[in-house]
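> First to last, the sequence lines map onto chains A and B. Residues in the first sequence are numbered from 1 upward in steps of one, following this note's numbering. Residues in the second sequence are numbered from 1 upward in steps of one, following this note's numbering.
Please note that the accuracy of each hint is not assured.
[As the list claims (entries may be wrong)] Here are a few chain B residues that sit away from chain A, every Cβ distance over 12 angstroms (derived from the structure):
1) 152
2) 401
3) 444
4) 824
5) 858
[Unchecked claim] Covered by chain B, according to a simulated footprint, are these stretches of chain A (three or more residues, beta-carbon under 8 angstroms):
6) 1-8
7) 20-31
8) 38-45
9) 52-64
[Claimed, not checked] Restraint ranges, calculated between C-beta atoms of paired labels, are given here:
10) A/39 / B/836: 38 to 48 angstroms
11) A/9 / B/155: 28 to 38 angstroms
12) B/137 / A/43: 41 to 51 angstroms
13) B/152 / A/36: 54 to 64 angstroms
14) B/630 / A/12: 25 to 35 angstroms
15) A/36 / B/828: 39 to 49 angstroms
16) A/73 / B/132: 38 to 48 angstroms
17) B/524 / A/9: 49 to 59 angstroms
18) A/6 / B/156: 27 to 37 angstroms
19) B/20 / A/9: 50 to 60 angstroms
20) B/836 / A/12: 51 to 61 angstroms
21) A/50 / B/124: 45 to 55 angstroms
Hints listed in this document are in silico derivations from the structure and should not be mistaken for laboratory results. Idealized CB from N, CA, C, for every residue including glycine.
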Amino acid sequence: MTFLLPCPHCGPRDVYEFATTGEVLTRPKELPTLRELTDYVYFRRNVAGVQREWWYHRQGCGSWFLAERDTRTNEVLKVELPSPRASDR
Amino acid sequence: MRLPPRAGERIDRSRNISFRYGTEEVVAFAGDTIGSALYAGGRRVFSRSFKYHRPRGLLCCTGHCPNCLMTVDGVPNVRVCVEPVRAGAVVKAQNVLGSLERDLMSVTDRIGGPFTPVGFYYRTMIRPRRAWPLYERLLRNAAGLGRVGGRSRRFDTEHRRARVLVVGGGRAGREAALAAAAEGPGVVLVDEGSHLAGAELPGVEVLARARAIGIYEGGLVPVDAGELLLRFRAQRVVIATGALEQPLVFPGNDLVGVLLPSAVRRLVQDWSLAPGRRAVVIAAESRGLDVVPILEDAGVEIARTIDLRERPLGTLAAEGHKGRLTRLALDGETIDCDLAVVSGGRQPAYSLLAQAGARVEYDPTRGIFVPRELPPGIEAVGAVTGEVGAAVEPAALYAGSGRTGKSFVCLCEDVTDKDLARAVREGFDSLELAKRYTTVTMGPCQGKLCQVASNRLYAQRTGTGSAAIGTTTARPPWAPVELGLLAGRHHEPTRRSAIHFRHEEAGAEMLWAGQWQRPHSYGDAAGEVRAVHESLGVIDVSTLGKLLVEGPDAARFLERLYPNRFADLRVGRIRYGVLTSDGGRILDDGTVARLGEGLFYVTTTSSGSDSVCEWFEWWNAIWGYDVEIVNVTGALAALNLAGPRAREALGRLTEGDVSNEAIGYLDARELRVAGVPCLALRIGFVGELGYELHFASPAGEHLWDRLVAEGARPFGLEPQRVLRLEKQHVIVGQDTDSESSLLSAGMGWLPKLDKEEFVGKWAVELGQDRVRERLVGFTVRSGELPKEGAQVLVGGQPAGRVTSARYSERVGTVVGLAWVRPDRAQDGSELAIRSDGATIAAEVALAPFYDPEGERLRS
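Working from the sequences, and respecting the hints, build out all of it.
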């Protein structure tokens, strides 16, 4: 992979400057069933198409951000900083 | 041997440069290449072919074909036709047994032909199986290219940006570069040849002898500049790689004296060398015929000129003597000649465009593949676009008449028309498969001179048109690259603590701990352990990860992240903390000290500093608490002063109160030690009274020196491992793995389930930390030391593994930690450990081996 990823702070950079934790997951809001927890911890949709992902600019500004990337072409359609709410996840 | 001086020649006859070829000294002119100088000296055979060891001479003189590969100064596979002469260079022939003129291996050409078709070794050298290593050695010695020399070289990588990157410095490339330069700065032109070295193009940075080897995702263009790899990122990439003259396929087409027109142009015009005495010129397009006046000018007699557009040939075959061309037979006529200039038309060098995503289409009227539909950001100019003038599709294969020699489709790998036909007969009916089977296009030229010919022949043999067959996928590199260039220089940084040189001065044996260099010991690990137990030791723990978590929400943030409770942690107190994942698995551990209402000082394992920082940042990107997380790992040094005399020694260096009442076990205090402001953490990883002093790195050596002067004996990682094992203190990553939960690691007390939430809580509540194995201590009374990773057996069945084991002088036996089945995790359970073929009897011990009540820590 040598595509360019646009960091919301630093602009387009070589993908090797970043770390990723993969697709954005929906974390259970309260105590899940064992099946729900297992799905959340271990299963990924692994889509061939556009996926929302977490990226971390490890060799840059040190920020986490969200990117919409087409996993087939590595085209990055959108990046944004998360807008967290302390009550929510 | 040279022609009289002529206008435009690139040699400077007033400057001599000499180099060695084998045992001869060769005198060249400045401006010569090694190839032209050898040619001027009368050399005609430049290499022996890959498989049959047939003599081969100059063919293209453009650095594309495999015919002039030699070893220069220990570097194999150098194309000497384009390698500039340098004084004192040592040039050697390669892939020969004997000399280029008498290569003993050429016997394979005379007798091996029928027995060595493509892939023969996979069919004939399969029995007996155990003999394959021998066969392999024989084959490798017989076939191939040069040998990698012993000379070590250094390669570097540079990251470059450009507004416009032009690949190819021909007329079209230069014009495109100048036009781009007129629009603004940031224009770079790279060209594989050396003739542009020092050329002045206003506003353009010209890099000669720099070859683009591919186009990767995101428009990355790596450029091979010898011992420097330039990774170019450009807003616009202009491909001007031109077109490549193609050989014809006919019997004897590899004889020395069969040349492409480009070779004639370079030999005569650049180096004033006559390529022969009597020539036949055969070309499928006008540019190939342009060599006729050049040859005449060089005094070469033109025996016949054949324009394939007007006169298609029925038969064509070359005959030779000792590998050198002597006559050409065409359509029943025989012509004596020592030079045949052939051109099957010019094929656009589209590879980089195809790699970038362009479609490639066959133009049957001209017999060439043409790039179409360029992707955004990629442009093409000049001949590579397919504007190469009228031509005619030559025959896929010209038959000879009567008994004739081999017809080569691929000179690099010695693949003949018969090999390709055989592949089709054997069922390799896809071009991609046939390519892999015959290795056509897979040699040093990477298809530059064989892709079109092999496609054409393949289309003919399978009865489909070239258009339908298409091309094989274009992949980088489009020219050979030295592996060293791709590997580059090792850029892994080495991390050294601020006290590193003191350790070296003290004779420490250093070892790698992740990126860190740390002292293993100072030569006497057992003595160092003793010093900590009996008197005083000091260890450099600067490698610990150190994070500051600050803000109004700091306590809430840590409370929600850790299974531990921190809300009730009083200012000035420390708590051991373990981080777990949502799956309930242990990620990292360390201490958390509360320095203020909204200020916490967190330490992590030495290898975990970056990942824990990222983990904190990630959760806070989700939760959005009002906290700042600062990684101060490099900014602070840390020393652990440990041993019964620690308080007394520390007291002598500070005016602060170091009594057990003022700074008790698990207290954190600010303390000025030997003039250095420190954060003193009273913790005891090594099991004795101890103070971990954290302070600004630049004061590292000063404080180290003062502590040593107070009698603290430096101890390294190895004694620390023994000391912590005596206490059964776990090292995350050494004793735990990605499956370890708190409960299984013996820390079932740690998670506070009455907290509303923490990362990893659900896994505990759902029993996902249920114990399949438990981490327990063990002793070996016999004193035998099991290896780390050794298997634990119960009733002969695998039932766990050893993670750590050391001999402890203090305990008087071998102590260790191991994962075992829960039914064996009882005090006194007997274990059998299989290590290095021996079975070692061990006994489970759940309590620490040393000071189980922790009195010494608290003293």
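> For each hint given before, does the structure comply? Return the numbers of the non-compliant ones in rising order.
Hint check: nothing fails, all pass.
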